[in-house]
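Participant: Whole structure, please, built from the sequences with the hints as guidance.
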Amino acid sequence: MVDDGLEGRLLPLWRSVLNRPDLTGDADFFENGGDSLLATQLVAILRMELGRPTLSVRTVFNAPSAAEYAVLLARL
Numbered sequence: 007m008v009d010d011g012l013e014g015r016l017l018p019l020w021r022s023v024l025n026r027p028d029l030t031g032d033a034d035f036f037e038n039g040g041d042s043l044l045a046t047q048l049v050a051i052l053r054m055e056l057g058r059p060t061l062s063v064r065t066v067f068n069a070p071s072a073a074e075y076a077v078l079l080a081r082l
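Numbering (our numbering), first residue to last: 7 to 82.
Note that these hints are calculated values from the structure, not bench results.
The structure displayed is predicted, hence computed values, not measured ones.
Please note: incorrect hints may appear among the correct ones.
Said to hold, decoys possible - Simulated restraints on C-beta separations:
| no. | residue 1 | residue 2 | range |
| --- | --- | --- | --- |
| 1 | Asp28 | Thr60 | 23 to 33 Å |
| 2 | Ala80 | Pro59 | 17 to 27 Å |
| 3 | Gly14 | Leu82 | 14 to 24 Å |
| 4 | Leu78 | Ser42 | 13 to 23 Å |
All C-beta atoms, glycine included, are put in the ideal place defined by N, C-alpha and C.
Facilitator: Given below as structure tokens:
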């Protein structure tokens, strides 16, 4: 089960990096203008915000929405 608080922390980061204030938690990063460079930027922010320096860009490809990413992080 996902921590709604975690998804709530992630979603503003997705919105900011993609410059999409209307983005929902289940919106796919790559279907909404994301690319590998923006994924790299997002992961750099996530590493700082979440204090998880080992996160990789691959995680965004494996879990491209804020909701999916929250589930992935809960499992790590």
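Participant: Do the beta carbons of Gly14 and Leu82 sit within 14 to 24 Å of each other?
Facilitator: holds (18 Å)
Participant: Range first: 13 to 23 Å. Now tell me if the beta carbons of Leu78 and Ser42 are that far apart.
Facilitator: holds (18 Å)
Participant: With 17 to 27 Å as the target window, see if Ala80 and Pro59 comply at their CB atoms.
Facilitator: At roughly 18 Å between Cβ atoms, Pro59 and Ala80 fall inside 17 to 27 Å, so the hint holds.
Participant: With 23 to 33 Å as the target window, see if Asp28 and Thr60 comply at their CB atoms.
Facilitator: holds (31 Å)
Figure legend: structure checked against the earlier numbered hints; every hint is met.
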